[in-house]
Structures are given as C-alpha cells and as structure tokens.
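Undergrad: Each chain, letter by letter, is given below.
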Amino acid sequence: MAFNLKVNGTAHSVDVDADTPLLWVLRDVLGMTGTKFGCGMALCGACTVHVDGTPLRSCITPIKNVGNGAVTTIEAIDTTAQGRALQQAWLDLDVVQCGYCQSGQIMSAAALLKATAKPSDADIDAAMSGNVCRCGTYQRIRAAIHRAAGSSSENRR
Amino acid sequence: MSESAPGSRFDRREFLKVGAGVGGLMLSVAIPSLLRPASISTAQQTSSFAPNAFIRIDHAGAVTLVMPMVEMGQGIYTALTMLIAEELEVDLGQVRLEHAPPNDALYANAILHVQTTGLSSSVRAFWTPLRQAGAVARTLIVSAAAKKWGVDPGTCRARRGVVYDGAATRQLRYGELVDAAAALPIPAPDSVALKQPKDFTLIGTPVKRLDSADKVNGKAQFGIDAKIPGMKVAAIAISPAFGGSVRSVNEAAALAVSGVRQVVRIEDAVAVVADHTWAAKKGLKAAAVEWDDGPNAALGSADILRQLQEQSTRPGAVARNQGDAQKALAGAAQRFDAVYQLPFLAHAAMEPMNCTVHLQKDRCDLWVGTQAPTLTQAVVAELLGLPKDAIKVHNHLLGGGFGRRLDADGTLLAVRIAQHVSGPVKVIWSREEDIQHDMYRPAYYDRLSAGLDANGKPVAWIHRVAGSSVLARYAPPLFKNGLDMDAVEAAAEPPYEFPNIHVDYVRVEPPGIPTAFWRGVGPVKNVFVVESLIDDLAAAAKQDPVVYRRSLLSNNPRALVVLNLAAEKAGWGQPLPPRRGRGVSLQAVFGGYMSQVAEVEVAPDGALKVHRIVCAADCGIVVNPNTIAAQVEGGALFGLTAALYGAITLKRGRVEQSNFHDYRPMRMNEVPVVETHIVKSAEAPGGFGEAPCSCVAPAITNAIFAVTGKRIRTLPINTSQLRS
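Going down the list, the protein sequences come from chains A and B.
Counting along the first sequence from 1, when you hit position 35 you're at 35 in the working numbering, and nothing is skipped either side.
Counting along the second sequence from 1, when you hit position 240 you're at 240 in the working numbering, and nothing is skipped either side.
The set of hints was computed from the structure by calculation and includes no laboratory data.
Computed from a prediction, not measured in an experiment: that's the story for all the values here.
Even for Gly, the Cβ is constructed at its ideal location relative to N, Cα and C.
Do not rely on the hints blindly, as some may be mistaken.
[As the list claims (entries may be wrong)] Straight-line distance between alpha carbons at most 16 Å, and here's what the computed EDC-like set of lysine to aspartate or glutamate pairs gives:
no.: 1; chain 1: B; residue 1: K285; chain 2: A; residue 2: D19
no.: 2; chain 1: B; residue 1: K147; chain 2: B; residue 2: D190
no.: 3; chain 1: B; residue 1: K227; chain 2: B; residue 2: D275
no.: 4; chain 1: B; residue 1: K219; chain 2: A; residue 2: E75
no.: 5; chain 1: B; residue 1: K710; chain 2: B; residue 2: E601
no.: 6; chain 1: A; residue 1: K64; chain 2: A; residue 2: D19
no.: 7; chain 1: B; residue 1: K219; chain 2: A; residue 2: D78
no.: 8; chain 1: A; residue 1: K114; chain 2: A; residue 2: D78
no.: 9; chain 1: B; residue 1: K285; chain 2: B; residue 2: D337
no.: 10; chain 1: B; residue 1: K285; chain 2: B; residue 2: E432
no.: 11; chain 1: B; residue 1: K208; chain 2: A; residue 2: D92
no.: 12; chain 1: A; residue 1: K6; chain 2: A; residue 2: D52
no.: 13; chain 1: A; residue 1: K114; chain 2: A; residue 2: D19
no.: 14; chain 1: B; residue 1: K609; chain 2: A; residue 2: D125
no.: 15; chain 1: B; residue 1: K198; chain 2: B; residue 2: E683
[Stated by the list, open to error] Label pairs and their computed distance ranges (CB to CB):
no.: 16; chain 1: A; residue 1: G67; chain 2: B; residue 2: A288; range: 31 to 41 Å
no.: 17; chain 1: A; residue 1: T10; chain 2: B; residue 2: G154; range: 40 to 50 Å
no.: 18; chain 1: A; residue 1: G31; chain 2: B; residue 2: N250; range: 24 to 34 Å
no.: 19; chain 1: A; residue 1: N65; chain 2: B; residue 2: P514; range: 51 to 61 Å
no.: 20; chain 1: B; residue 1: R579; chain 2: A; residue 2: G67; range: 48 to 58 Å
no.: 21; chain 1: A; residue 1: T10; chain 2: B; residue 2: D605; range: 31 to 41 Å
no.: 22; chain 1: A; residue 1: T10; chain 2: B; residue 2: K710; range: 57 to 67 Å
no.: 23; chain 1: A; residue 1: G31; chain 2: B; residue 2: S258; range: 42 to 52 Å
no.: 24; chain 1: B; residue 1: D605; chain 2: A; residue 2: A122; range: 49 to 59 Å
no.: 25; chain 1: A; residue 1: N65; chain 2: B; residue 2: K680; range: 28 to 38 Å
no.: 26; chain 1: B; residue 1: K651; chain 2: A; residue 2: G67; range: 38 to 48 Å
no.: 27; chain 1: A; residue 1: R84; chain 2: B; residue 2: A607; range: 33 to 43 Å
no.: 28; chain 1: B; residue 1: S554; chain 2: A; residue 2: R84; range: 48 to 58 Å
no.: 29; chain 1: B; residue 1: P187; chain 2: A; residue 2: R84; range: 41 to 51 Å
Given the sequences, and given the hints that come with them, work out the whole structure.
TA: Quick look at the structure:
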C-alpha cells in the first residue's frame with residue numbers, strides 16, 4: 001500500500017507493506033544508505049533516525065507508525081546546530097574507525113544534545129548505551145559529545 | 001631469546017599462494033572523502049603520470065593513490081598515504097584515494113605474499129615499498145623540472161607538490177611536469193634514496209584520518225550500501241545445524257508475499273529474492289524452511305570440551321624445546337599445573353555479512369568489502385569455472401573486519417545463490433545468520449606446568465596448546481608437521497627467560513564447526529595463558545608481579561621498557577580504594593612490545609567494573625601516533641568484551657547465541673578509561689591492530705586476582721565465582 005512520508009524535508013510516496021520498517025524504506029526504496037542495518041532488533045542503534053526530533057530505531061519502526069512525522073536522517077543532520085557541532089567534534093577528535101555505526105551514534109548524540117544542552121557523563125551513558133561500536137570508539141564519542149556541547153567529563157577513573 | 005624479533009618465528013612467507021598475477025580491470029571505487037568526487041580511473045588514463053601501481057598525477061596536479069590494503073577502521077588508508085606522501089612531497093589535502101583492484105602481482109603484501117589485509121602486517125609490509133614508490137615518482141618529477149631548467153636535479157627540491165630550483169627563484173607545479181616526468185626512464189625502487197627519519201615531516205606526526213568526513217555524514221559506502229541498477233535483495237537462511245541441509249520449503253507461501261520474486265533453494269541454504277530487504281525477510285519467514293540437521297545434530301559444547309580434554313593429553317607437534325623441561329620440573333622446589341579454557345568467539349562486525357553479485361555468462365561482478373580480494377577472486381573463479389580476470393571484485397570500505405572478512409564463504413554463498421538469479425542480487429545476512437554462521441575463533445584447551453627453584457625463579461615451563469588449526473584450513477602450506485605456528489604464537493616465545501621450556505600443539509578439530517582468524521589471532525589466547533601463569537608464579541615466589549617480571553627480562557630490554565612505563569603511568573604500587581586492584585600483562589608479538597595495567601573493582605556480589613587501562617607500547621617507528629592511540633582504545637575494548645562476555649556455545653548442533661542481547665558487546669556505560677603511552681623508537685615499525693586486543697585479558701584477570709585472590713583460567717570471566 002502507498003505511504004506518504006517526509007524525509008529530510010522532501011516528500012516521498014512509497015508502495016510497501018504497512019509493517020515494513022522505516023529502515024528498509026530508507027535504504028532499499030529511497031536509496032538513502034547512510035542509515036545502517038546492524039541487528040534488526042533495536043539492540044545496536046546503527047539505524048537510529050529522528051522522527052519529529054525524537055530518536056528511534058528505524059529497524060523496528062513500521063512505516064505505518066511514522067505517519068506525518070518528519071524523518072531526519074544522518075544525511076541531513078547537518079541542518080541542525082547540534083548535528084553540525086557533533087560532526088565537527090567527531091572530525092576534530094578523529095572518532096571514527098570503521099565508521100559503520102557512526103551514523104547511528106551521531107543521531108543518538110544529536111537527540112541527546114537537543115534535550116540536554118550540557119550533558120553529564122551519566123547523561124551520555126543513558127543516551128548512548130543503546131549504540132554499539134565494535135571498533136571501540138566510545139571514549140572518543142564521549143569526548144566528542146562533550147566537545148560539541150562545551151561540557152566536560154568528570155574524573156571517570 | 002632476544003636475538004630474534006618477536007613474531008619472526010612465524011614465517012608467513014608461504015602464507016597463501018592463491019592466484020598471483022592477473023588482476024581484473026583497474027576498478028576504481030574511489031572514496032570521495034578526500035575532496036573531489038571519485039575519478040573514474042585509472043590505469044587506462046594516458047594523460048597522467050603513473051610511475052607505479054600506487055600513484056597517478058594528472059595535469060591539474062591531482063594526486064591519486066591506490067590503496068593496496070583495505071580500510072576496516074584500523075586507519076590504514078591514512079598510514080599508507082602518509083608513507084607515500086612523505087617521499088612524494090605532497091600535501092595530504094592534495095590526494096584522493098582509491099581501493100586497489102585484486103592483483104597480487106601489483107599489490108601483494110610483502111609479508112603475506114598475497115593482497116590480503118590482516119595479521120597486523122600492512123604497515124610492516126608496505127613501510128619500504130610505499131616510501132620507495134613515492135620517492136621514485138618524486139625523483140622523476142624533480143628530474144623533469146631540472147631538465148627543463150638545465151640544472152642539476154640535486155640542486156632542486158620538492159615540497160607540497162611544487163619543485164623549486166636551488167635559488168628558489170623558479171618553480172613548477174607537479175601537474176606541469178607530468179608529461180616530461182612520464183617520458184623519463186623509471187629508476188629501480190631500491191635505487192632511490194629514502195629520507196632519514198630525522199627529516200620526516202609527516203611520519204610520526206598525529207595526522208587526522210583521511211576517511212572521517214564521509215563517515216560522519218552517511219556518504220561512506222560499505223559493501224552493504226552497493227546500489228546496482230535492477231538489483232534485487234535476498235534474505236537467506238542457512239542450515240541452523242552445521243552440516244545440515246534443506247528438507248522442505250513452502251515456496252508458494254513465500255511467493256505470495258508482496259515484493260517477493262523468487263525462492264532459491266540450494267543444498268544448505270534457502271534464499272528469498274525480493275524487491276527490497278523487508279519483503280525478502282517476510283518471504284523467508286513464510287517459506288517456513290525445515291531442515292535435516294545432518295551428522296552434527298546432537299553436538300553440544302560439552303562434547304567439544306570433552307574432545308579437547310581428551311586429545312590434549314596426547315603429545316603434540318613440538319613448537320619449541322630448549323633444555324630439559326620435564327627433568328627440571330621433576331627437580332623443582334615448587335610445581336604448578338594449570339588448565340586454561342577459551343571459548344569459540346564470533347567476530348560480530350557491525351556490518352553484517354553481505355555481498356552483491358551480478359553473474360553473467362562470461363563474467364561475475366562482486367560488490368563486497370573483503371580483506372582478501374585476490375583470494376575472493378580466485379575461489380569465485382574456481383566455483384564458476386571462469387578465468388580469474390572475469391571475476392570483478394569491486395571492493396568497498398569494510399564495516400569492521402576483525403578477521404571475519406579474510407574468508408570468502410559469504411561471497412561464495414552469494415554467488416551460489418546468484419547462479420539461480422537473473423540480474424544483480426544483493427545477499428544480506430541477518431544478524432542472527434551472521435552470528436550463527438560465523439567462522440569462529442577456535443575454542444582452546446591449554447595445559448601448563450611450571451617449576452620454580454628455591455628462589456622462586458622459573459626453571460621449567462611446559463605448555464601444550466590444543467585446538468583447531470586455522471592455518472591448516474586457510475594456508476595449508478604453512479601447516480607443517482602438525483604444527484600451527486599461529487596457534488602457538490606468543491606461547492613458543494614468551495618474553496621471559498626460561499632455561500627449560502617445552503611448547504607443543506595438538507590439533508583438535510571440532511566436528512562441523514568452521515574456525516577462522518580473529519583479531520589478535522594466536523596471541524589473544526596465548527598471552528592470556530602465559531601472563532596468567534606468570535602471575536601465579538610471582539605470587540608463589542611472594543613477589544610483586546611487576547618486580548617478578550622485571551627479574552625475568554634481563555635479556556629483553558624493549559620488553560622491560562614497556563613494562564616499566566606502563567607500571568609508572570598506572571601508578572603501580574600506589575594505594576587504591578577498597579576492593580580495587582591492579583593487574584599487569586606483557587607481550588612481545590606482532591613485531592612490537594606492549595604492557596598493560598588494568599585497574600578493576602570487584603563488588604561483594606562479584607560484579608566487576610574495569611576503571612582504567614594503561615597501555616605502554618613500543619611498536620618501532622610510529623607512522624601515526626593518533627592511529628596508535630585509537631587502536632589501543634578500540635583493541636583493548638575488543639579483547640575486554642571477549643574476556644567479559646564472549647562465548648559461542650552449541651546445543652543440538654546449533655549456535656545458541658543469535659544477536660547482541662546474548663552475544664554481548666561492551667557499551668558506553670561500561671567502558672574504562674584507556675590511556676596510551678608510546679615509547680619513542682627508531683626500530684622498524686611493528687604491527688599494531690591486534691596487539692592491544694591480545695594484551696588486555698590477563699591484565700584484567702590479574703587485577704581480579706589482586707583484589708580477590710581468585711585466579712581466572714576460563715574465559716569469559718564468570719563473575720559469580722568472584723563473590724566474597
């Protein structure tokens with residue numbers, strides 16, 4: 001069946017089953033591959049996008065639930081102040097390794113900064129622990145979030 | 001013991017001799033991160049200067065570097081580019097990068113003798129060849145300029161893509177010199193002088209990764225992102241029991257799902273081909289595949305353990321025999337016997353296995369991220385009965401490798417499916433298939449005995465390694481006389497002085513379970529085993545673990561330096577809050593030296609918190625210190641994750657774990673602070689991607705011992721045993 005959706009400010013109409021996860025609509029139907037498939041069960045966060053500013057795991061979000069919500073993906077996160085600051089901090093601190101999880105990491109971090117301008121380490125733990133990085137870039141992700149926010153890490157030893 | 005560089009015993013020369021020679025077309029899958037969009041490529045361009053297979057410079061001065069090794073997060077594209085640019089005298093901002101096509105003749109790694117990225121060999125293998133490649137190109141360009149000016153090339157100098165004459169009054173950009181340089185005879189690579197380390201301007205400086213920009217904006221293209229016109233997507237189910245086969249498929253039900261185009265049934269798997277992934281997944285579910293479980297239907301982890309226990313009692317192939325360890329053990333003042341058990345491990349790279357195939361009558365195109373492009377090309381050519389150059393490998397960035405993408409099993413499966421499909425098809429594994437049909441780090445069962453004299457000095461060291469041989473499968477020529485040199489690496493040559501040492505290996509192949517290289521390879525197990533027992537011996541000798549190790553390193557100065565540095569930076573010996581302790585580990589592998597000190601806290605209920613890991617490393621000349629730190633941070637967490645949580649277990653012939661809830665990765669809220677301290681060194685570069693991974697587990701378990709007095713000899717760590 002046909003669904004209308006708005007992704008990064010652009011309207012699209014797609015013809016898929018109502019239970020089709022937003023992830024596969026983005027990747028396979030719209031050809032937007034910045035949002036990644038990692039687990040299919042909301043366990044790793046690689047597929048994180050925003051709908052009306054709220055972060056969600058697109059791999060378990062059926063298209064029928066998206067409705068008229070405005071979808072933002074990694075491809076357009078630079079249109080937000082938090083997104084731009086985070087991308088720059090990621091570059092400044094050389095966060096990425098393989099890079100596969102980083103779209104989801106940045107989307108989760110952008111949602112965190114939107115809700116909490118100056119996050120503590122505990123805030124970062126709470127917001128980011130759903131995003132898995134097998135390369136182990138967490139330490140730099142934490143530092144980059146603080147850098148983008150102008151906040152600082154406590155002594156974590 | 002210090003006469004040979006660590007790792008040198010494992011001669012990988014015969015590593016894998018698949019298909020030297022013919023490559024395919026020069027396929028340019030450029031990564032656009034650096035600047036401009038991908039150039040279409042490549043060798044066919046006649047108007048550019050291409051003095052070797054790594055460098056092209058066009059009339060505009062644009063420099064294209066072809067990357068012989070693959071980027072899977074380890075930062076190799078940045079390091080290899082630095083090696084070329086150091087001698088070529090160009091700015092990193094001036095270059096664009098391309099993935100190399102499969103071609104062992106042009107791009108083989110000089111250590112592995114095949115175009116394969118792994119075993120921490122890339123910088124070691126390309127340290128000299130790529131600097132020479134840059135120097136050859138720069139020499140030609142400078143000569144071309146000197147000729148134009150009618151001066152001695154020795155009076156000219158090159159800097160940032162420009163040649164200056166001696167008085168710096170005249171200058172020519174590289175782009176203006178390409179035609180003249182291309183007309184000159186190319187000098188032999190070893191005939192050009194390379195810079196002295198004191199003159200390096202790039203090597204040794206903290207350079208930012210060159211692949212970051214596209215990895216923070218969604219543009220980076222991994223294999224799973226391939227988009228081929230007309231492409232369908234396939235979801236697969238592989239026989240859940242190893243060695244099983246398909247019994248029945250409800251094809252009609254699958255085809256009734258909207259978007260499903262085709263059901264492909266092969267002996268050991270079913271693929272549902274559809275317009276998009278979700279339709280394929282729904283179709284696969286509807287297909288309700290039933291299986292014959294085959295010969296391993298009853299296999300469980302207890303069977304694997306029993307097999308290892310039994311077979312490890314037999315003498316093995318001797319890896320090292322020095323002095324008379326049995327006799328020394330018999331005469332020792334104190335004797336220690338210990339058994340160490342390590343589980344199968346999955347790689348669980350974030351990018352699940354995938355491969356896109358377009359099979360046509362006389363050619364096969366593959367879009368995939370692989371650590372072994374020429375191996376992939378060779379095995380697909382063999383499967384299809386096509387010449388190797390008919391197999392076009394379009395390599396991509398890898399969403400994690402860790403050894404998983406050294407094997408071409410996923411590509412072969414995709415091609416076998418594509419043999420039944422008209423047009424291009426992308427085969428994507430679910431996370432469950434990825435974990436349940438990985439090729440696993442072997443389960444090991446090691447038996448050790450050690451003897452101390454009255455002063456607490458080790459006089460006997462006996463180590464038997466038992467487990468699957470990855471080398472025997474992956475590189476048969478290297479498996480000689482029953483000995484797998486990878487399985488005993490870091491066991492046969494521990495960093496310490498043992499007057500009497502005997503190390504042997506018993507090959508034990510688990511029925512039906514495929515095994516493979518895993519980040520840290522043999523040392524990831526052996527360093528744990530050796531460093532655990534050394535810690536026990538220190539305790540038996542009533543000595544501090546660092547002091548005890550020091551006393552055994554009088555002939556190993558580089559090892560001593562990293563041990564002392566890690567201890568100093570970690571504040572070894574300084575007081576800690578209650579229930580906290582420190583543990584140390586030391587290794588000499590991958591052509592380098594490393595020591596880690598971990599600081600852990602064990603709660604009364606056994607809960608474990610790792611607070612801090614301090615790592616000191618001497619890996620010879622450092623190309624990019626920034627990458628070294630990143631590899632320590634990431635490698636330590638990779639090894640730590642396995643030590644805390646990693647275990648693949650079997651029941652009824654099947655892997656019991658399926659996704660990140662039961663094959664658990666470390667997460668943000670759990671990670672310790674990781675610190676990196678590098679020893680300045682003028683020695684040749686060592687390998688680094690795996691070293692931090694193999695060093696970490698014993699630092700953790702030794703710290704647990706310091707807190708609780710409980711010795712962990714089985715991984716993953718069972719915290720319920722740590723309750724006080």
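Undergrad: All hints, please: hold or fail.
TA: Each hint tested on the structure:
{"no.": "1", "hint": "B:K285 / A:D19", "verdict": "holds (14 Å)"}
{"no.": "2", "hint": "B:K147 / B:D190", "verdict": "violated (23 Å)"}
{"no.": "3", "hint": "B:K227 / B:D275", "verdict": "holds (13 Å)"}
{"no.": "4", "hint": "B:K219 / A:E75", "verdict": "holds (8 Å)"}
{"no.": "5", "hint": "B:K710 / B:E601", "verdict": "holds (13 Å)"}
{"no.": "6", "hint": "A:K64 / A:D19", "verdict": "holds (7 Å)"}
{"no.": "7", "hint": "B:K219 / A:D78", "verdict": "holds (13 Å)"}
{"no.": "8", "hint": "A:K114 / A:D78", "verdict": "holds (13 Å)"}
{"no.": "9", "hint": "B:K285 / B:D337", "verdict": "violated (51 Å)"}
{"no.": "10", "hint": "B:K285 / B:E432", "verdict": "holds (13 Å)"}
{"no.": "11", "hint": "B:K208 / A:D92", "verdict": "holds (8 Å)"}
{"no.": "12", "hint": "A:K6 / A:D52", "verdict": "holds (10 Å)"}
{"no.": "13", "hint": "A:K114 / A:D19", "verdict": "violated (29 Å)"}
{"no.": "14", "hint": "B:K609 / A:D125", "verdict": "holds (15 Å)"}
{"no.": "15", "hint": "B:K198 / B:E683", "verdict": "holds (13 Å)"}
{"no.": "16", "hint": "A:G67 / B:A288: 31 to 41 Å", "verdict": "holds (32 Å)"}
{"no.": "17", "hint": "A:T10 / B:G154: 40 to 50 Å", "verdict": "violated (60 Å)"}
{"no.": "18", "hint": "A:G31 / B:N250: 24 to 34 Å", "verdict": "holds (31 Å)"}
{"no.": "19", "hint": "A:N65 / B:P514: 51 to 61 Å", "verdict": "violated (40 Å)"}
{"no.": "20", "hint": "B:R579 / A:G67: 48 to 58 Å", "verdict": "holds (51 Å)"}
{"no.": "21", "hint": "A:T10 / B:D605: 31 to 41 Å", "verdict": "violated (53 Å)"}
{"no.": "22", "hint": "A:T10 / B:K710: 57 to 67 Å", "verdict": "holds (59 Å)"}
{"no.": "23", "hint": "A:G31 / B:S258: 42 to 52 Å", "verdict": "violated (20 Å)"}
{"no.": "24", "hint": "B:D605 / A:A122: 49 to 59 Å", "verdict": "violated (22 Å)"}
{"no.": "25", "hint": "A:N65 / B:K680: 28 to 38 Å", "verdict": "violated (57 Å)"}
{"no.": "26", "hint": "B:K651 / A:G67: 38 to 48 Å", "verdict": "holds (43 Å)"}
{"no.": "27", "hint": "A:R84 / B:A607: 33 to 43 Å", "verdict": "holds (40 Å)"}
{"no.": "28", "hint": "B:S554 / A:R84: 48 to 58 Å", "verdict": "holds (56 Å)"}
{"no.": "29", "hint": "B:P187 / A:R84: 41 to 51 Å", "verdict": "holds (48 Å)"}
Going down the numbered hints, you'll see the structure goes against 2, 9, 13, 17, 19, 21, 23, 24, 25, while the others check out.
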